[in-house]
Amino acid sequence: MNNNDIAEKIKAVYKDLEVKPKYSNQVEIRADGIDIVGLLAFIKSLGFEHLSNVTCVDWIKEKRFDVIYNVWSYTHKVHITVKSGIDRDNPEIPTVMSLWPQAQVYERETHEMFGVKFLGNPDLSPLFLHNWKDIPPLRKDFDTVEYSKRAYGASSPEGGNE
Amino acid sequence: MSDWVEITKIGETDKYETYEYFFGPNHPGMHGNFAYVVDVVGSTIQKVRVSAGLLHRGFEKLMEQNLWFQNISLIPRICVPDPDPNEAAYCTACEKLLGIEIPDRGKFLRSLALEMSRLTSFLMGMGALGAMMGLYSVMYRMMDERDNILVFFEWLTGARIYHMYSIPGGVRRDIPEGFKEKMLKLMDDLEYNLREWDRLLFENPVIHKRLKGIGTIDPVHAVEVGITGPSLRATGYKADVRKDDPYAAYPYLDFDIITTEGGDALARAVQIRKEYEQTINLIRQILKRMPGGDFKVYLGNPLKLRIPAGDAYARVESSKGEFGYYIVSDGGIRPYRISVRGPSLPAGLYLCNEHLPGMRIDDIAIWMASFAVCPPDFDR
Amino acid sequence: MNLGKKSFFSPFAFWANAFKAPTTIRFPKEDLDFFEKPGASPRYRGLHTNDIDKCIGCGTCSEICPTDAITMIESENKKEGTLGRKPQIDYGRCCFCGFCVDMCTTGSLQMSRVYLKNYATPPDKIGDEEVEDIKKHFVLVPDEKFSDDLGYTTPDEYSWLDLERVEMPQMDAEERLQGFIEYVKGFTREQAIKEASRCVECGVCTETCPAHMRIPEYIHEIWEDDPYASVDKMYTENPLPGVCGRVCTHRCETVCSIGHRGEPVAIRWLKRYAVDQLSIDKIKNIAHVFKGGKKEKHVSIIGSGPSGLTCAYYLSVMGYKITIYEAKPLAGGIMRYGIPNYRLPDEALDKDIDVILSMGVEIKTNTEVGRDITIEEIKKNSDAVFIGTGFMESRSTKIKNVDRPGCYRALDLLAKISRGEKIELKEKVVIIGGGNVAFDIGRSIARLQKAEFGKVGVTLTCLEKRDEMLADEEEIIEGQEEGLVIKPGRSPKEVLLDENGNVRGLRTVKCVKIFDDQGRFNPTVDESDVEDYEGYMVVEAIGQAPNYDYLGKDILDKLEIVRGKILTDEYGRTPIEWLFAGGDIVHGPDIIHGVADGHRAAQAIDEYLMNQK
Ligand code: SF4
Ligand code: SF4
Ligand code: SF4
Numbered sequence: 001m002n003n004n005d006i007a008e009k010i011k012a013v014y015k016d017l018e019v020k021p022k023y024s025n026q027v028e029i030r031a032d033g034i035d036i037v038g039l040l041a042f043i044k045s046l047g048f049e050h051l052s053n054v055t056c057v058d059w060i061k062e063k064r065f066d067v068i069y070n071v072w073s074y075t076h077k078v079h080i081t082v083k084s085g086i087d088r089d090n091p092e093i094p095t096v097m098s099l100w101p102q103a104q105v106y107e108r109e110t111h112e113m114f115g116v117k118f119l120g121n122p123d124l125s126p127l128f129l130h131n132w133k134d135i136p137p138l139r140k141d142f143d144t145v146e147y148s149k150r151a152y153g154a155s156s157p158e159g160g161n162e
Numbered sequence: 001m002s003d004w005v006e007i008t009k010i011g012e013t014d015k016y017e018t019y020e021y022f023f024g025p026n027h028p029g030m031h032g033n034f035a036y037v038v039d040v041v042g043s044t045i046q047k048v049r050v051s052a053g054l055l056h057r058g059f060e061k062l063m064e065q066n067l068w069f070q071n072i073s074l075i076p077r078i079c080v081p082d083p084d085p086n087e088a089a090y091c092t093a094c095e096k097l098l099g100i101e102i103p104d105r106g107k108f109l110r111s112l113a114l115e116m117s118r119l120t121s122f123l124m125g126m127g128a129l130g131a132m133m134g135l136y137s138v139m140y141r142m143m144d145e146r147d148n149i150l151v152f153f154e155w156l157t158g159a160r161i162y163h164m165y166s167i168p169g170g171v172r173r174d175i176p177e178g179f180k181e182k183m184l185k186l187m188d189d190l191e192y193n194l195r196e197w198d199r200l201l202f203e204n205p206v207i208h209k210r211l212k213g214i215g216t217i218d219p220v221h222a223v224e225v226g227i228t229g230p231s232l233r234a235t236g237y238k239a240d241v242r243k244d245d246p247y248a249a250y251p252y253l254d255f256d257i258i259t260t261e262g263g264d265a266l267a268r269a270v271q272i273r274k275e276y277e278q279t280i281n282l283i284r285q286i287l288k289r290m291p292g293g294d295f296k297v298y299l300g301n302p303l304k305l306r307i308p309a310g311d312a313y314a315r316v317e318s319s320k321g322e323f324g325y326y327i328v329s330d331g332g333i334r335p336y337r338i339s340v341r342g343p344s345l346p347a348g349l350y351l352c353n354e355h356l357p358g359m360r361i362d363d364i365a366i367w368m369a370s371f372a373v374c375p376p377d378f379d380r
Numbered sequence: 001m002n003l004g005k006k007s008f009f010s011p012f013a014f015w016a017n018a019f020k021a022p023t024t025i026r027f028p029k030e031d032l033d034f035f036e037k038p039g040a041s042p043r044y045r046g047l048h049t050n051d052i053d054k055c056i057g058c059g060t061c062s063e064i065c066p067t068d069a070i071t072m073i074e075s076e077n078k079k080e081g082t083l084g085r086k087p088q089i090d091y092g093r094c095c096f097c098g099f100c101v102d103m104c105t106t107g108s109l110q111m112s113r114v115y116l117k118n119y120a121t122p123p124d125k126i127g128d129e130e131v132e133d134i135k136k137h138f139v140l141v142p143d144e145k146f147s148d149d150l151g152y153t154t155p156d157e158y159s160w161l162d163l164e165r166v167e168m169p170q171m172d173a174e175e176r177l178q179g180f181i182e183y184v185k186g187f188t189r190e191q192a193i194k195e196a197s198r199c200v201e202c203g204v205c206t207e208t209c210p211a212h213m214r215i216p217e218y219i220h221e222i223w224e225d226d227p228y229a230s231v232d233k234m235y236t237e238n239p240l241p242g243v244c245g246r247v248c249t250h251r252c253e254t255v256c257s258i259g260h261r262g263e264p265v266a267i268r269w270l271k272r273y274a275v276d277q278l279s280i281d282k283i284k285n286i287a288h289v290f291k292g293g294k295k296e297k298h299v300s301i302i303g304s305g306p307s308g309l310t311c312a313y314y315l316s317v318m319g320y321k322i323t324i325y326e327a328k329p330l331a332g333g334i335m336r337y338g339i340p341n342y343r344l345p346d347e348a349l350d351k352d353i354d355v356i357l358s359m360g361v362e363i364k365t366n367t368e369v370g371r372d373i374t375i376e377e378i379k380k381n382s383d384a385v386f387i388g389t390g391f392m393e394s395r396s397t398k399i400k401n402v403d404r405p406g407c408y409r410a411l412d413l414l415a416k417i418s419r420g421e422k423i424e425l426k427e428k429v430v431i432i433g434g435g436n437v438a439f440d441i442g443r444s445i446a447r448l449q450k451a452e453f454g455k456v457g458v459t460l461t462c463l464e465k466r467d468e469m470l471a472d473e474e475e476i477i478e479g480q481e482e483g484l485v486i487k488p489g490r491s492p493k494e495v496l497l498d499e500n501g502n503v504r505g506l507r508t509v510k511c512v513k514i515f516d517d518q519g520r521f522n523p524t525v526d527e528s529d530v531e532d533y534e535g536y537m538v539v540e541a542i543g544q545a546p547n548y549d550y551l552g553k554d555i556l557d558k559l560e561i562v563r564g565k566i567l568t569d570e571y572g573r574t575p576i577e578w579l580f581a582g583g584d585i586v587h588g589p590d591i592i593h594g595v596a597d598g599h600r601a602a603q604a605i606d607e608y609l610m611n612q613k
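Chains A, B and C, in that order, are what the protein sequence lines are.
Under my numbering, the first residue of the first sequence carries the number 1, and numbering increases by one thereafter.
Under my numbering, the first residue of the second sequence carries the number 1, and numbering increases by one thereafter.
Under my numbering, the first residue of the third sequence carries the number 1, and numbering increases by one thereafter.
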């Protein structure tokens, strides 16, 4: 099956979703406000065995986080990007650990970098940033220059020490 | 007890004491700036916690603040031993968004750099694996061999380690005169030396004894936890991004997906040994089939390059597995978001929790080397 | 390989290497002859070298540098077309990516094969001074020190700069000859954005532009697809952007840093594009900024050419009352009466002038100072006077018979043609002169001939050799395309007459040298090399001159006039404190210089009037 067939298959079940094939072998799904675990379980059952990663995009102007799931099918050689928009002020989404156990780490990282809460993930403790006291740094409103001034007393306009 | 003592007693029963041990950068068996905090009883691991972040450089944030072209200087740093897959994945994703196809010569040159990089990385990986077992002479010999390839990188790209060779649209420089002949000669030499690697490493009783049964994983579970690349193929699973999701010049090259049965550290070592040979073959093909013509599409002034809004995921088969770049553009001169999927994460941060408990401390390094866990690619 | 086979002895194969030279010992590298010459690879990205004479200080290297390693510092190279700066590199930051080299606009910045730079802080400096000490040794200004050992360099074909211009759509010669319609069609939106994206925003052009227009800024706005903001940035230095966007001599383009390796950015056409996008009301919105509030003082301006109009605009921005006196029936001076419509259509000129007049500027046309009104009268009812009367009289070669009927001066003819008045056209015409005006009249006549006789018969002859001709290269090429025959390197000798005394041609002799050893204009000719050109009409276009009679003796006595130009300070001040001058009569013919003069004189006048209280 190529990406068009896959898109059709998904649309047959999820009629309201925006599913669009793109490039030669990718499919993009916008899945806001639906049961993300159910959708991904369905996708996995179509032969999308491999989760490449889970990540997040901060659309600050739209007040939305897009949680991104990149999945790949070794069977069909097709890639699916699932984007699930969530409220930026109350970022919560269920974990997909039950489908791919390694999602635990990606979710932990996304929680640390964006502050997205993955409900059901047992360990969302900080992974990379030690003693972090600021807002999650990959959010668009985190200003690196301001931070280095605040945290390290940087003096130059670029945030270094002149 | 003062703070700096590394071994902390954390529990005790009437039979034994449990210690917490920081297996970190100061341990000769650790690869890079990363640490496992392990609870040990005797030399047996009870529990493991990852302690990443020692290497965190905030690259993803930094890349949002750079121009599209400027990022080329950052991304090779995400994987030191095998930098070129990063460049290729980033550029491929940009090209998808731009909707362009690069010229064939550009694709071949990109593949050339990728395969050369794979060789250097395999040599380093095999050498490190040897060193982890105390076979330091193996490592020295392999690093020596790696240097021979670095000279060619220096010749092709101008630098030995961070090549910054691929750019959106193609590559930066055409192949220099006389390069091809000397490179083919080098391939013969590398092939000849394989015999020596076999003797030093693969026929060495030590590695059979030490690697057998370490970190065994079956194909189904490997896929489930996201293991990719040689480690996945060493479970007998047939998957290779170069074939499955082709990029650069791979559609034009003849090769099969090689697999090995077993799924343990030994199988992974053997798999790398096989792929090393395959890579030599691929480089020969690339050089011999290199088409003429342009090596890049010109995209305009780099200071004002805008990439159309949208998102794209591009993956590249690195020496360790799938390197993926998920790139989001809002149509501006800087990326809106770049997310890097490093191949070491599933093993290095997740699988360790399943595999390490029950292992001995001295096997941690071997386990890491056999899964090619390279911390910079997840702690970016 | 047989992995089943384990051998205890295999690992001892290692000993075979005991007698081989190791690869990894690469220091000193000089003992390796892998590349043709010892040392690092011929493409090695090592320490930088910079040819300071060539470097124009554009700072593009510093713009692309991903690590912010490059700071621009003052350079000893301050030639025209440079910014007087050069890069300084902090090797504590530099990652040797070579992007700066790939982006260097001139190719002066290169990398060498030198990769060693060692320094150990002396023990007595360790501590507080250490950082400064290390900085001293690792913050370097690249010069030619390593230029004999070049590594990574960027020939033009590898350059990252956009070296090719977007082609300007324009009519072909046959179509152009059909009339006086503007033949350069102007960029479309896509073309303009693409062309604007070529600019690296260095500002070298701004330095050279006489009016110092904020070129990189307005180009940036065009690239951002915001013509309104772009025009807004033009009006701060130039209230005639529609005119300049068409007929400016574009010195900026001759120095544009992209021009060092490729074709310069089409700055002039971009300006035109932005202005053409906006309706006159929008432009009025931009122009109507009143900075100084209403003022009672009154300034009179003589001449409504570029300098007069500019001066009027900026003074009215400051709130002064302005009256312009213009001898001709319409405003615009040389722009209206000297430049043919196919280069500058009336609509474009009117758009610019209307904007200026809408500021509340009063204009008295058909009012020649000295004839209809005296300068004393003007002085009496105003607080300051600006003169920008231009070079409106054509010079003559004064050769034999040139005063006969059938011989003309270029400006007189151009004025008539531009007003649509009839001229006595002949099938064959000879033009004397090789500047832009010569081409203007030659090409105008060609159009008229085409309409009347169906074919072009214009011969253009000048003293200069072909590669020394004063006209813009594109004028010459387009003129030739339209059928002008060009005879360079000829000195006019006499106008030939037929038996009835009518003009029948021009006799020329070869011009060997134009200037004498002192550099004075004094052509040397070879009388033996004679050529006659057929033509029943001869037009002189060898330059223009001013006429200062209207100023009267009293004033003229106080002014210093050098080679026809009035001596003023930088701001157009003359020795008479209420009298200011600018434009051709100060700097010689050039529209953009006139604009610059008008702007500066406005500042000087404001200062003078403010202090007067
Ligand atoms: S880009 Fe080249 S010419 Fe411009 S300042 Fe840098 S070194 Fe000089
Ligand atoms: S080589 Fe790269 S990092 Fe170094 S100064 Fe040039 S652009 Fe900057
Ligand atoms: S137009 Fe040319 S000289 Fe002017 S800023 Fe742009 S690149 Fe520099």
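Think of the hints as simulated: they come from the structure by calculation, not from any bench.
This structure is a prediction, so every number in the text was calculated from the model and none was measured.
Check before you lean on any hint, since a few could be wrong.
No more than 16 Å apart at the CA atoms, straight line, and that leaves these computed lysine to aspartate or glutamate pairs for EDC-like [to be verified]:
#	chain 1	residue 1	chain 2	residue 2
1	B	LYS304	C	GLU190
2	B	LYS274	B	GLU196
3	A	LYS77	B	ASP244
4	B	LYS61	A	GLU112
5	B	LYS61	A	GLU146
Hint check results:
1. For a cut-off of 16 Å, the pair hint linking LYS304 of chain B to GLU190 of chain C stands: about 15 Å separates their Cα positions.
2. For the proposed pair LYS274 of chain B and GLU196 of chain B, the alpha carbon gap of about 14 Å is at most 16 Å, so the pair holds.
3. In summary, the hint linking LYS77 of chain A to ASP244 of chain B is supported, as the alpha carbons are separated by about 6 Å, within the 16 Å threshold.
4. For the proposed pair LYS61 of chain B and GLU112 of chain A, the alpha carbon gap of about 13 Å is at most 16 Å, so the pair holds.
5. With a C-alpha separation of about 14 Å, the suggested pair LYS61 of chain B and GLU146 of chain A falls inside the 16 Å cut-off, and the hint holds.
Against the hints set out earlier in the document, no violation occurs for any number.
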